[in-house]
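The listed protein sequences correspond, in order, to chains F and A.
Here the numbering used here runs 6 ahead of the position in the first sequence, where the first position is 1.
Here the numbering used here runs 134 ahead of the position in the second sequence, where the first position is 1.
It is possible that part of the hints are untrue.
[Stated by the list, open to error] With a straight-line cut-off of 16 Å between C-alpha atoms, the simulated EDC-like cross-links for lysine to aspartate or glutamate are: (1) 486/F / 164/A; (2) 486/F / 231/A; (3) 486/F / 232/A; (4) 459/F / 251/A; (5) 253/A / 462/F; (6) 459/F / 164/A; (7) 222/F / 555/F; (8) 238/A / 214/A; (9) 459/F / 254/A; (10) 466/F / 251/A.
[Stated by the list, open to error] Listed next, the stretches of chain F that the computed footprint assigns to chain A, with coverage defined by at least 3 CB atoms under 8 Å from CB atoms of chain A: (11) 339-349; (12) 448-455.
[Claimed, not checked] A few chain A residues facing chain F, derived, Cβ under 8 Å: (13) 148; (14) 150; (15) 151; (16) 152; (17) 157; (18) 160; (19) 165; (20) 166; (21) 171; (22) 173; (23) 228; (24) 251.
These are calculated hints, taken from the structure and not from any lab test.
Just so you know, even glycine gets a beta-carbon here, dropped at the ideal spot from N, CA and C.
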Amino acid sequence: MKEHISEINKEWDQAKGEFILGNPERQEKFLTNSGIELTAVYGPEALADGNEGFMKKEGYPGLYPYTRGITPTMYRSNLWVMGQYSGFGSAEDANKRYKYLLEQGQTGFSIALDLPTQIGYDSDHPLAEGEVGRVGVAIDSLADIEILFKDIPLHQVRQIRTTANAIGPVTVAMLVAFAEKNGINPNDIKILIQNDPLKEYIGRGAYIYPPKAAVKLAGDVIEYCAKNLPNWTPMAISGYHIRESGSTAIQELTFTLANAICYIDEILSRGINIDDFAPKFYTFLGAHIDFIEEIAKFRAVRRIWARLMKERYQAGHPESMKLSIFAYTCGGTLTAQQPLNNIVRVTIEALGAVLGGVQTLATSSYDEAFAIPTEEAVTVALRTQQIIAYESGAANTADPLGGSYVLEQLTKEIEKRVFEEISKIDNMGGAVKCIQEGLIQKEISDAAYRFQKQVENSEKVIVGLNRFRSREEARIPVFKTDPASEARQIKRLRELKEKRDNSLVKSRLFRVKEAAGHNENVIPAIIEAVRDYATLGEISDVLREVYGEYKAMTVY
Amino acid sequence: MGYQLRVLVAKPGLDGHDRGAKVVARALRDAGMEVIYTGLRQTPEQIVEAAVQEDVHAIGVSLLSGAHNVLIGKIAKILEARGITDIIIVAGGIIPDEDIEHLKNMGVAEVFGPGTDTKEIVEFISCRCEQP
Numbered sequence: 007m008k009e010h011i012s013e014i015n016k017e018w019d020q021a022k023g024e025f026i027l028g029n030p031e032r033q034e035k036f037l038t039n040s041g042i043e044l045t046a047v048y049g050p051e052a053l054a055d056g057n058e059g060f061m062k063k064e065g066y067p068g069l070y071p072y073t074r075g076i077t078p079t080m081y082r083s084n085l086w087v088m089g090q091y092s093g094f095g096s097a098e099d100a101n102k103r104y105k106y107l108l109e110q111g112q113t114g115f116s117i118a119l120d121l122p123t124q125i126g127y128d129s130d131h132p133l134a135e136g137e138v139g140r141v142g143v144a145i146d147s148l149a150d151i152e153i154l155f156k157d158i159p160l161h162q163v164r165q166i167r168t169t170a171n172a173i174g175p176v177t178v179a180m181l182v183a184f185a186e187k188n189g190i191n192p193n194d195i196k197i198l199i200q201n202d203p204l205k206e207y208i209g210r211g212a213y214i215y216p217p218k219a220a221v222k223l224a225g226d227v228i229e230y231c232a233k234n235l236p237n238w239t240p241m242a243i244s245g246y247h248i249r250e251s252g253s254t255a256i257q258e259l260t261f262t263l264a265n266a267i268c269y270i271d272e273i274l275s276r277g278i279n280i281d282d283f284a285p286k287f288y289t290f291l292g293a294h295i296d297f298i299e300e301i302a303k304f305r306a307v308r309r310i311w312a313r314l315m316k317e318r319y320q321a322g323h324p325e326s327m328k329l330s331i332f333a334y335t336c337g338g339t340l341t342a343q344q345p346l347n348n349i350v351r352v353t354i355e356a357l358g359a360v361l362g363g364v365q366t367l368a369t370s371s372y373d374e375a376f377a378i379p380t381e382e383a384v385t386v387a388l389r390t391q392q393i394i395a396y397e398s399g400a401a402n403t404a405d406p407l408g409g410s411y412v413l414e415q416l417t418k419e420i421e422k423r424v425f426e427e428i429s430k431i432d433n434m435g436g437a438v439k440c441i442q443e444g445l446i447q448k449e450i451s452d453a454a455y456r457f458q459k460q461v462e463n464s465e466k467v468i469v470g471l472n473r474f475r476s477r478e479e480a481r482i483p484v485f486k487t488d489p490a491s492e493a494r495q496i497k498r499l500r501e502l503k504e505k506r507d508n509s510l511v512k513s514r515l516f517r518v519k520e521a522a523g524h525n526e527n528v529i530p531a532i533i534e535a536v537r538d539y540a541t542l543g544e545i546s547d548v549l550r551e552v553y554g555e556y557k558a559m560t561v562y
Numbered sequence: 135m136g137y138q139l140r141v142l143v144a145k146p147g148l149d150g151h152d153r154g155a156k157v158v159a160r161a162l163r164d165a166g167m168e169v170i171y172t173g174l175r176q177t178p179e180q181i182v183e184a185a186v187q188e189d190v191h192a193i194g195v196s197l198l199s200g201a202h203n204v205l206i207g208k209i210a211k212i213l214e215a216r217g218i219t220d221i222i223i224v225a226g227g228i229i230p231d232e233d234i235e236h237l238k239n240m241g242v243a244e245v246f247g248p249g250t251d252t253k254e255i256v257e258f259i260s261c262r263c264e265q266p
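Turn these sequences into a full structure, and let the hints guide you.
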C-alpha cells in the first residue's frame, strides 16, 4: 500500500513539474491565516499518524477525542442553536427585539449589555455618559431584568446567553432572583454566562478588577452553578474577542485555553472535582473567513480539550471531555465598502462553523461596520443560518468533511502548535502572569499590525477594499438608538433609588463586602442584595473597595 | 530636520476595542512620529490634559461604541474653551456618515472609517501639522 502511494506521488510530482512550467502558481507560498504553509495537494499520508491509524485516533462523532463532534448524530438530531447577539437601548426596546426574533424562528438569544453595565457602572455614573444603551441594553437593577423578560416564555428558549464577564456574579444573582420572584426554578432556564474576565485584559477591555480577583469571582460563579444550578453553563471560555483583536486562529485557541487552565485550577483548589463542573463548559470562538483552517480549528479545539481533560486533569466522566462550541462570525472581517458583500462573507464563515460542528451559532449582520444592525439586516443574518440548516444539506450527516486529507492535516497541525504554545505559557507561569506582564497583549498587537501591513501592501486581498473597488458606494440604512433612552434610563434608576428600602440595601451591601473580604463565595450575598434592588453599580463599587481596580495597560 | 510630530492616540469612554487605535499608533510611530497612547477609559478632560502636557500636535481619537458625538464633541469643546487652537483632532472607528458631518462641524479635522489605509492617516497628520 505504502509503496503504491509513493509511486503515485512520484507520478504526480512529475506531472506537476511539467504543468507549472506553463502555469506557474499564483503565489510563491500559500499560507493559512495562522501562517501554516499549504502544499499543492494533500494525500492519504495525511491520515496516517505514527502507529495510530485514522480510525483509531479520530474515531467517530460522539466518541473520544470528539474531533468529529460531541454527539453521535450531530445535526441530524439537533440543529445548532440559532441565537443572534442583540440588545440595545432600554429593557423595553430589547424586550421587543427578542420577541421579534423568537417569532422569526430564532431558538435562543443573547443579551447584549451596554458598556456601563459590563463594567459595573450604573447609568447615572459620569463615565456612562453617552454610552447608555449604545452597544447593548442597560441593566442597572433587577427592575430592568423584570422588564427585559416580560412575557417571554423563558422555559421554551433553548439558550439565553449574556455578555457578563467582570459582572458575572451580579448577573447570576439577578437571574436567580428574577426566577425565584416569578415562581420559576432558576435551574429550568437555560442560561449561558460568558463569565470569562481574563480575555477582557487581552481583547475588548471590559475589565473591572485586577486579574487575580477576576479569576476568584469567575470561580465563585462556577462553584455556585456546580452546586445549585447544574443546568446552567457557568462559563464560555472566549477566543472571539482575542481573535477580533487581531490574533491568528492558533493564538485564539492558545490564549483561550491558557485562560481556561487558570479558572480550572482555581476551582480545583476549592476541592471541587473536575467532573462536577467541566461538563457544562462552552467555548466561544470566532468563525473567521479562512474557510478550511476554521473548520480545522473547531475540530482541533474539541480534540485538544478532550486531551486536556483526560491527560492534564484526569477527568473520568466523558461529558467533561466534550467541549460545546459557540461560534460567532467575525465582525472584523466585514467591510464598510460594498456592504452587501458582507452577507457572502458571513455565509462562508457560518458554513465553516457548521462544518466544524458547533453547538450554537450567531451570524453578523451586513451593516455592522456602520452601527448596530437594523431589523432587516438581523433578519438576513438569521435567514443565512436557516438556509444552511434547511437547504444546503450540510447538516444531514455528521462531520461531512472528516477524512479530507487537507482538513485532517490542518487539524493535526493546529493541535500540535496549540499544545506547544500552551506549554510555553505554562513555563512562563500561566496566563494571569503573562497578562499582568502584557506579553499576550503584545503578541496580539504584533499580529494585528502584521495583518494590517499585509492588507496595505495587497499581500492579503479584501474584495472591495484593496481590490475590486467600486466607484459608487451603496448606501444602506443605518440603525439609530433613541437618544432619549439614556435620560429615560437614568430617570428610572433615580426613581428606584427613592422608592426602595435604602437602609435594607445598605445592610445588604455591607454583607456583600463582608463576604468578599472574608474570601467567601460572594454569590449568595449578592442574590440577597439584588433581590432588594441594590444596583449593579453599588454592588460593583463595594467589590472595587475590596479588590481594587485594574489599571489600563498601554502596550501596543 | 529634527522636527518630530507628536500625536496622542486616545480611547475615550468605556469602549475597549483598541485594535484600531494600537495599529494606528504603531503606524504613526513607524512613520517617525512620537506617539503617546492613553490606554482605555479616558475622560475627555483627561485626554485634553494629556495632550497639553505632552505638547502634541494632534489627538487621534478612536471610538467604536457609538458614543462619538458626545465624547469627541466634548474633547473639541474643552479644547475650544481652553483656547487651544494648535492641536487638531482626527477620529476613527465605527462612525456613520451623517455623524461625520456633525463631528466636522464641531471641529474634528478628519474622520477615518473602517478600511482606511494607515498611510492615509500618516499623510493627513503630516500635512496638517507641518511646521509653518
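Taking the hints in turn, this is what the structure says about them:
Of the supplied pair hints, the one linking residue 486/F and residue 164/A is violated, its CA atoms being roughly 37 Å apart against a limit of 16 Å. For the suggested pair residue 486/F and residue 231/A, the alpha carbons sit about 12 Å apart, so the restraint of at most 16 Å is met. With a C-alpha separation of about 11 Å, the suggested pair residue 486/F and residue 232/A falls inside the 16 Å cut-off, and the hint holds. Only pairs whose Cα atoms come within 16 Å are accepted, and residue 459/F paired with residue 251/A is accepted, the gap being roughly 9 Å.
Between residue 253/A and residue 462/F the alpha-carbon distance is near 9 Å, which keeps this suggested pair within the 16 Å criterion. A hinted pair counts as satisfied when its Cα atoms are at most 16 Å apart, and residue 459/F with residue 164/A qualifies at roughly 12 Å. For a cut-off of 16 Å, the pair hint linking residue 222/F to residue 555/F stands: about 14 Å separates their Cα positions. Using a Cα cut-off of 16 Å, the hinted pair residue 238/A and residue 214/A holds, with the two alpha carbons roughly 14 Å apart.
With a CA separation close to 13 Å, the supplied pair residue 459/F and residue 254/A stays within the 16 Å bound. Straight-line distance between C-alpha atoms of residue 466/F and residue 251/A comes to about 13 Å, which keeps the hinted pair within the 16 Å bound. Here the segment 339-349 of chain F counts 3 residues with a CB under 8 Å from a CB of chain A, which clears the bar of 3, and the coverage holds. Check result for the segment 448-455 of chain F against chain A: holds, 3 residues qualifying (beta carbon to beta carbon below 8 Å, three or more required).
The interface hint given for residue 148/A holds, since its Cβ lies 4 Å from the closest Cβ of chain F, which is under the 8 Å cut-off. The closest approach between the C-beta of residue 150/A and any C-beta of chain F is roughly 2 Å, which is under the 8 Å cut-off, so the hint is satisfied. Annotation: interface hint on residue 151/A holds; nearest CB of chain F at approximately 6 Å, less than 8 Å. Interface restraint check: residue 152/A against chain F, minimum CB-CB distance 7 Å, threshold 8 Å, status holds.
Among the interface hints, the one on residue 157/A holds; its C-beta lies about 5 Å from the nearest C-beta in chain F, closer than the 8 Å criterion. Given the 8 Å rule on beta carbons, the hint for residue 160/A holds: about 5 Å separates it from the nearest Cβ of chain F. For residue 165/A, the suggested interface contact is broken, since its CB lies about 12 Å from the closest CB of chain F, more than 8 Å. Evaluation of the residue 166/A hint against chain F yields a violated restraint, the C-beta minimum of about 16 Å exceeding 8 Å.
Hint status for residue 171/A: holds, given a least beta-carbon distance of 5 Å to chain F, under 8 Å. Hint status for residue 173/A relative to chain F: holds, with the closest Cβ pair at about 4 Å, below 8 Å. For the restraint placing residue 228/A at the interface with chain F, the shortest Cβ-Cβ distance is roughly 7 Å, inside the 8 Å limit, so the hint holds. For residue 251/A, the suggested interface contact is upheld, since its CB lies about 5 Å from the closest CB of chain F, less than 8 Å.
The earlier numbered hints that this structure contradicts are 1, 19, 20.
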